[in-house]
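Starting from the two chains in their separate frames, assemble the complex, guided by the hints.
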Amino acid sequence: EPEVTQTPSHQVTQMGQEVILHCVPISNHLYFYWYRQILGQKVEFLVSFYNNEISEKSEIFDDQFSVERPDGSNFTLKIRSTKLEDSAMYFCASSADAAGNTIYFGEGSWLTVV
Amino acid sequence: ELKVEQNPLFLSMQEGKNYTIYCNYSTTSDRLYWYRQDPGKSLESLFVLLSNGAVKQEGRLMASLDTKARLSTLHITAAVHDLSATYFCAVDRGSTLGRLYFGRGTQLTVWP
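Note that the protein sequences, when read in sequence, are chains B and V. According to our numbering, the first sequence is numbered sequentially starting from 621. According to our numbering, the second sequence is numbered sequentially starting from 21.
So here's chain V without its partners, still in its complex pose (with noise of 0.2 Å):
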């Protein structure tokens, strides 16, 4: 089965500071995607990585792609508290349609 492993599992941070949150994979993929999911609610898209080298930005968050290495990353620029929430990453094999397999989450939590 595919794995996804996320580090770190939790993650506390001083606003205005940078982190990266990681993501390997177990095996070939060309698409991952990262979710954000604040408590009692739904999983919001983030990105949707579809390539090698890939790199998407949408404000404070950049998430990058290298299937080389099974490895994306998710980088948060200057936190902010509205930031604290869980992230997901998630990938699919490519031969499957739709089905993803989630890792464990990082748990977020910006302070002032």
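If we strip away everything but chain B, and leave its shape as in the complex, we get (with noise of 0.2 Å):
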């Protein structure tokens, strides 16, 4: 079955340092979404993406936080000075519509900041 992938798995970084977390949505989806989790909470929505640009974003999703499609795989999310209280799991996602079809998620990138 076609999957999400996302890398590094896990990434321990300095607070100020800039991190980009990659992924590679399943190939044939055009909407792009990245959540996060912190550690023992629910599950939230940073920004939908599509055709090219943001669609959605939520009040997480600051000035710091920045998202590029660089050519037709790859869907980064980039955090520009990393915060102590960004440590958390990000999830990418993608989906093949809006209407309601599934949503997949890749396996996370687990984000330290310390």
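Hints are computed from structural coordinates only; laboratory data are not their basis. Keep in mind that the hints are not guaranteed to be accurate.
Said to hold, decoys possible - Capping the alpha-carbon separation at 25 Å, the derived lysine-lysine pairs in DSS-like fashion look like this:
1. K76/V - K698/B
2. K88/V - K37/V
3. K23/V - K88/V
4. K37/V - K76/V
5. K88/V - K76/V
6. K677/B - K703/B
7. K698/B - K677/B
8. K677/B - K662/B
9. K88/V - K677/B
10. K61/V - K703/B
11. K23/V - K677/B
12. K698/B - K662/B
13. K662/B - K703/B
14. K662/B - K61/V
Here it is as structure tokens:
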């Protein structure tokens, strides 16, 4: 079964450093998302991306965050200057369309900011 | 903001027993999703419920949706240990494409 692939699986970074998380969505999907889950808490929406632009972003997705689809396959999340509270599992997800189809999640990238 | 409430948050049950997890949400939505998460793993899609009265079953799990009551249930029949995981429900507004609002999750432990 096709899957969403994320790298790295785990990254430790110092506060203030930039981090880029990588995702390869399922190949025929058109909608891409980033979510995060702080340890022990619920999954939270960050941003959705369609047709090479952001469709929607949450209040969490401030100026420190950005997303990019640099080529036909990758979808990246950049955190410009990490803070301790950015420590979380970051999930990339994709769906074929937005009409209630299944949204598939990747395995996640666990980010630890020290 | 759309609120999603799940209960119970923790569920410990014996193998062979039945139980139901409830998911209430605060505003109109016609799409509800159930996911399973094993510790340290991703979210595995279980069900997508798209209309009022929708019922879907897969193995020992059955999910239903009542949009008028803003309620979905995930019923577990004759639980087995392999069902131990955290189960999340999530809804979207319909007008926001793919923005899911998750509940806090129900941590299910099935013991012999």
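Structure-based check of all given hints:
1. Pair hint K76/V plus K698/B does not hold up; C-alpha atoms about 38 Å apart against a cutoff of 25 Å.
2. With a C-alpha separation of about 29 Å, the suggested pairing of K88/V with K37/V is violated against the 25 Å cut-off.
3. Taking the CA atoms of K23/V and K88/V, the gap is near 16 Å; set against the 25 Å cutoff, the hint holds.
4. This hinted pair checks out: K37/V and K76/V have alpha carbons roughly 20 Å apart, not beyond 25 Å.
5. Between K88/V and K76/V, the direct Cα distance comes to roughly 18 Å. Compliance with the 25 Å bound is thereby established for this hinted pair.
6. Of the supplied pair hints, the one linking K677/B and K703/B holds, its CA atoms being roughly 19 Å apart against a limit of 25 Å.
7. Between K698/B and K677/B the CA atoms are separated by roughly 14 Å; this keeps the pair inside 25 Å, and the hint holds.
8. For the hint pairing K677/B with K662/B, the CA-to-CA distance comes to about 17 Å; that is within 25 Å, so the pair holds.
9. Annotation: proposed proximity of K88/V to K677/B is violated, straight-line Cα distance about 28 Å (limit 25 Å).
10. Taken as a hint, the K61/V and K703/B pair is honoured in the structure, with Cα atoms around 24 Å apart against an allowance of 25 Å.
11. In summary, the hint linking K23/V to K677/B is supported, as the alpha carbons are separated by about 17 Å, within the 25 Å threshold.
12. With a CA separation close to 22 Å, the supplied pair K698/B and K662/B stays within the 25 Å bound.
13. A hinted pair counts as satisfied when its Cα atoms are at most 25 Å apart, and K662/B with K703/B qualifies at roughly 19 Å.
14. Distance restraint check for K662/B and K61/V: the Cα-Cα separation of roughly 14 Å lies within the 25 Å cut-off, and the hinted pair is therefore satisfied.
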